[in-house]
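Engineer: So the sequences go chain by chain: V and S. Numbering-wise, the numbering used here comes out as the position in the first sequence, counting from 1, plus 1. Numbering-wise, the numbering used here comes out as the position in the second sequence, counting from 1, plus 1.
Since the hints were made in silico from the structure, they are not lab data. Predicted, not measured: the structure shown is a model, and the values here were computed from it. All residues carry an ideal CB built from backbone N, CA and C; glycine is no exception. Fair warning: there could be bad hints in the mix.
[What the hints assert, rightly or not] A few chain S residues that face chain V, going by a derived Cβ cut-off under 7 Å, partial list only:
#: 1; residue: Q30
#: 2; residue: L40
#: 3; residue: G71
#: 4; residue: Y120
Chain by chain, the residues:
There are 2 protein chains.
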Amino acid sequence: NTPNPKDLQTQLPQGIRWNADGLIPAIVQDVDTREVLMLAYMNEEALRLTLQEGRAWYYSRSRQSLWLKGETSGHTQEVVELRFDCDRDTILLTVRQKGVACHEGFYSCFHYGVQGEGYVTLGAPEEVPAMP
Amino acid sequence: NTPNPKDLQTQLPQGIRWNADGLIPAIVQDVDTREVLMLAYMNEEALRLTLQEGRAWYYSRSRQSLWLKGETSGHTQEVVELRFDCDRDTILLTVRQKGVACHEGFYSCFHYGVQGEGYVTLGAPEEVPAMP
Chain V
2 NTPNPKDLQT
12 QLPQGIRWNA
22 DGLIPAIVQD
32 VDTREVLMLA
42 YMNEEALRLT
52 LQEGRAWYYS
62 RSRQSLWLKG
72 ETSGHTQEVV
82 ELRFDCDRDT
92 ILLTVRQKGV
102 ACHEGFYSCF
112 HYGVQGEGYV
122 TLGAPEEVPA
132 MP
Chain S
2 NTPNPKDLQT
12 QLPQGIRWNA
22 DGLIPAIVQD
32 VDTREVLMLA
42 YMNEEALRLT
52 LQEGRAWYYS
62 RSRQSLWLKG
72 ETSGHTQEVV
82 ELRFDCDRDT
92 ILLTVRQKGV
102 ACHEGFYSCF
112 HYGVQGEGYV
122 TLGAPEEVPA
132 MP
């Protein structure tokens, strides 16, 4: 997944407020169900690739590397719209989700309700067909 | 807005992954329109007060202080549901928004589309009645 030189030509919008780690949080929302699927982070390269290719690239803080969503799982996100907020420090990505967003097999990562000092799982994992 | 001792008794769920600044991002979604309204941050006290009072408290990173949403504007957020994601490092807050979420007068903070190296404003500010 080495970006080719053409990728690097995409100009980014001015005035993005990257955080101290050079990242910006991206809220990911499903275009059809309007569910909030996950919160991920982009660095400059991830944002550039996302704008250029129309599919979601992120920066993994744990692996400290660029990450094409769905690269191993097949659960890609086609980008329908990309917006910034009034402070230019958060992105809202509207996507067409293939498969599920969550690595735990749920459609959205937000499936933990609060119950006292613990959590309760809301909903159930999806039946996801194996990827070829 | 000094919390009274009772506020401090609310136990928080275990295993929350606060960031290096002791904060957790909270995505705020409108219960009716399903629009994503804003991204804000909570510290322990803000989360405790939000759970206890059923209205949204945040931590302002710029002012470095606790912040009751709508305290000055009247544009409060009644909490309908609070969820955590699979990593316990992000909150999804479903709210009933009074007035508008954005300080620029828009219902959602995410009203900037990307146009080349610049931005284009999407939608228009709401007509918001003056608060008493």
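Engineer: Take the hints in turn and mark each one as holding or not.
Structural biologist: Verification of the supplied hints:
1. Q30: Holds: closest Cβ of chain V sits about 6 Å from S:Q30, inside 7 Å.
2. L40: Because about 4 Å separates S:L40 from the closest Cβ in chain V, which is inside the 7 Å limit, the hint holds.
3. G71: violated (17 Å)
4. Y120: holds (6 Å)
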